[in-house]
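**Q** Read off the chains here:
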Amino acid sequence: QQQVKQSPQSLIVQKGGISIINCAYENTAFDYFPWYQQFPGKGPALLIAIRPDVSEKKEGRFTISFNKSAKQFSLHIMDSQPGDSATYFCAASHGGATNKLIFGTGTLLAVQP
Amino acid sequence: EPEVTQTPSHQVTQMGQEVILRCVPISNHLYFYWYRQILGQKVEFLVSFYNNEISEKSEIFDDQFSVERPDGSNFTLKIRSTKLEDSAMYFCASKTQPNTEAFFGQGTRLTVV
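If you read the sequences in order, they're chains A and B.
So in my numbering, spot 107 of the first sequence is number 107, and the numbers just go up one at a time.
So in my numbering, spot 48 of the second sequence is number 48, and the numbers just go up one at a time.
Treat the hints with care, since some could be wrong.
Beta-carbon label-pair distances, calculated as ranges [claimed, not checked]:
#, chain 1, residue 1, chain 2, residue 2, range
1, B, N99, A, G83, 45 to 55 Å
2, A, K5, B, T13, 45 to 55 Å
3, A, K58, B, G40, 42 to 52 Å
4, B, N99, A, P40, 26 to 36 Å
5, A, S65, B, Q41, 20 to 30 Å
Keep in mind the hints are simulated off the structure, nothing from the lab.
Even glycine gets a Cβ: it sits at the ideal position worked out from N, Cα and C.
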């Protein structure tokens, strides 16, 4: 119930292509779905986040698509660049005293020049 | 830009020794967290802290672990008797309100030998 399943584990995309990473959850109490980007040796940094009252959110080249009925959400990176090469984690949390984040297993993205 | 700072960046310790990992959260933040990331794996929640007390802890956070906010600025994680399996990156995070962005520090790499 508390798990967030993420796929694929790794992804290779050509420069300029679209990177798509998918996540699925079970707990319908989750109400906040962020994506974090992590470079080697660094902490996770928030990339973009969505709440379940909208089906899509776009910030620059990054878009989250959210399907509440299917309990799935995905990250789309348009015009992928070599600088986007990193590990991407989806996460989920629900309202309450702690709002801890439940992370997916991560996707290692490599954008080839 | 305000950031969460963690020290040390890398700590090597012998099995059975006590370690203290230190964090300085962003100054106006009220909710504090420790997460752990074993090499190559996902980020896992350890503990949340609010109003000078633990609000939630995971099953990983056993009696060997403790947290403290000794002086209103630092937030520490103590492991009393380290085990080999405690080797991981430990991330501190903080936020202003429950359902807002969590800001992560750069992490402390703990190596238990």
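**Q** Okay, which hints does this one fail, numbers in order?
**A** Of the numbered hints given earlier, those the structure breaks are 1, 2, 3, listed in rising order.
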